[in-house]
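Chains A and B, in that order, are what the protein sequence lines are. Going by the numbering used here, the first residue of the first sequence is number 9, and it counts up by one from there. Going by the numbering used here, the first residue of the second sequence is number -4, and it counts up by one from there.
Each hint should be verified, as a subset may be incorrect.
Stated by the list, open to error - Quick list of simulated restraints, FRET-style, between CB atoms:
1) B:4 to A:35: 43 to 53 Å
2) A:78 to B:46: 48 to 58 Å
3) A:31 to B:97: 49 to 59 Å
4) A:10 to B:91: 42 to 52 Å
5) A:22 to B:38: 20 to 30 Å
6) A:71 to B:135: 13 to 23 Å
7) A:35 to B:75: 29 to 39 Å
8) A:46 to B:7: 27 to 37 Å
9) B:91 to A:22: 50 to 60 Å
10) A:36 to B:32: 37 to 47 Å
11) B:18 to A:78: 43 to 53 Å
12) A:77 to B:75: 30 to 40 Å
13) B:34 to A:56: 38 to 48 Å
14) B:64 to A:36: 34 to 44 Å
Said to hold, decoys possible - 16 Å max Cα-Cα, derived EDC-like pairs, lysine to aspartate or glutamate:
15) A:60 to A:19
16) A:60 to B:128
17) A:60 to B:131
18) B:66 to B:98
19) B:142 to B:81
20) B:66 to B:105
Because the hints were derived from the structure by calculation, they are not lab data. Quick caveat: nothing in here was measured; it's all calculated off a predicted structure. Glycine included, every Cβ here is placed at the ideal spot set by N, Cα and C.
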Amino acid sequence: MRILYFAWVRERTGTAEESVTPPDDVDTAARLADWLSERSAGHAAAFTDRSKLRLAINQEQAAFTDRVAANDEIAFFPPMTGG
Amino acid sequence: MPARIQTEDFDIAAEIAALSAGRDDIGAVVTFTGLVRGGDITSLTLEHYPGMTERALAGIAAEANARWPLKASLIIHRVGTLMPGDRIVLVVTASKSRQAAFDAANFLMDYLKTDAPFWKREDRSDGSAQWVDARETDTSARDRWIKA
Chain A
9 MRILYFAWVR ERTGTAEESV TPPDDVDTAA RLADWLSERS AGHAAAFTDR SKLRLAINQE
69 QAAFTDRVAA NDEIAFFPPM TGG
Chain B
-4 MPARIQTEDF DIAAEIAALS AGRDDIGAVV TFTGLVRGGD ITSLTLEHYP GMTERALAGI
56 AAEANARWPL KASLIIHRVG TLMPGDRIVL VVTASKSRQA AFDAANFLMD YLKTDAPFWK
116 REDRSDGSAQ WVDARETDTS ARDRWIKA
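Build the full structure now, drawing on both the sequences and the hints.
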């Protein structure tokens, strides 16, 4: 699973991208966020307030309740501020 | 609809000329240009999600084309570090008559604000830096286009 972080989420986790292999029971974006939170204090800080986080699965906007699979590209980021 | 993500500046007149060259079916061209505001901001840095950005812009553009009879359109969005007064974004819409071009440009900008994966960081004159929060007014501007 390829994980990407953007903006302040990237700054808190300390990495823009990481490759991970979570256990099989990590099957939703919410469970993935729980599991990633264990990786470092920075990760935990990034995932503390999920109301401030958005995500994409395979480059499409998604929800924390959506399912994730082994070969997915999953990105976590703040609400977008384009324009 | 072409969409470009680039670090370099753009030339609005040249883009309009390119978009309408050799055609006589366009009666209206609307452009929107977004600029970096100054004040206590010394620079603005734009980050994006390569890959998803192109997909998101294509999706937004396809929706605009489905809703309005556009003859041509263009989105240019800059990334990287910009200074106050610099151009950030250009939206150009062209149609037979003005209303579709105005409305589609408005629609494209509202969706760019909330649904294209760009993030802005402001560097301030006191040395601090802050990621720009999404604004509720931008979300409600986008939501008025959602069909009931």
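- Item | Supplied distance hint 50 to 60 Å, evaluated on CB atoms of residue 91 of chain B and residue 22 of chain A | Because 53 Å falls inside the window, the suggested range holds.
- Query: Is the straight-line distance between the alpha-carbon of residue 142 of chain B and that of residue 81 of chain B 16 Å or less?
  - Reply: violated (35 Å)
- Message: Quick check: does the Cβ-Cβ distance between residue 22 of chain A and residue 38 of chain B fall within 20 to 30 Å?
- Response: holds (23 Å)
- Distance restraint hint 27 to 37 Å, applied to the beta-carbon atoms of residue 46 of chain A and residue 7 of chain B: About 50 Å separates the Cβ atoms of residue 46 of chain A and residue 7 of chain B, which means 27 to 37 Å is violated.
- Message: Within 37 to 47 Å: is that where the Cβ-Cβ distance between residue 36 of chain A and residue 32 of chain B falls?
- Response: Cβ of residue 36 of chain A to Cβ of residue 32 of chain B: about 40 Å, so the range 37 to 47 Å holds.
- Query: Are the Cα positions of residue 66 of chain B and residue 98 of chain B separated by 16 Å at most?
  - Reply: holds (14 Å)
- Item | Distance restraint hint 42 to 52 Å, applied to the beta-carbon atoms of residue 10 of chain A and residue 91 of chain B | holds (45 Å)
- Message: Taking 49 to 59 Å as the stated bounds, is the beta-carbon spacing between residue 31 of chain A and residue 97 of chain B within them?
- Response: Between residue 31 of chain A and residue 97 of chain B, where Cβ atoms are some 53 Å apart, the hint holds.
- Please test the hint of 43 to 53 Å on the beta carbon pair from residue 18 of chain B and residue 78 of chain A. holds (49 Å)
- So does residue 4 of chain B sit 43 to 53 Å from residue 35 of chain A, Cβ to Cβ? holds (46 Å)
- Per the hint of 13 to 23 Å, is the separation of the Cβ atoms of residue 71 of chain A and residue 135 of chain B within bounds? holds (20 Å)
- Message: Checking one constraint from the list: CA of residue 60 of chain A to CA of residue 128 of chain B, max 16 Å. Satisfied?
- Response: Measuring from Cα to Cα gives roughly 10 Å; hence the hint holds.
Hints 2, 8, 13, 19, 20 from the earlier list are contradicted by this structure; the remaining hints agree with it.
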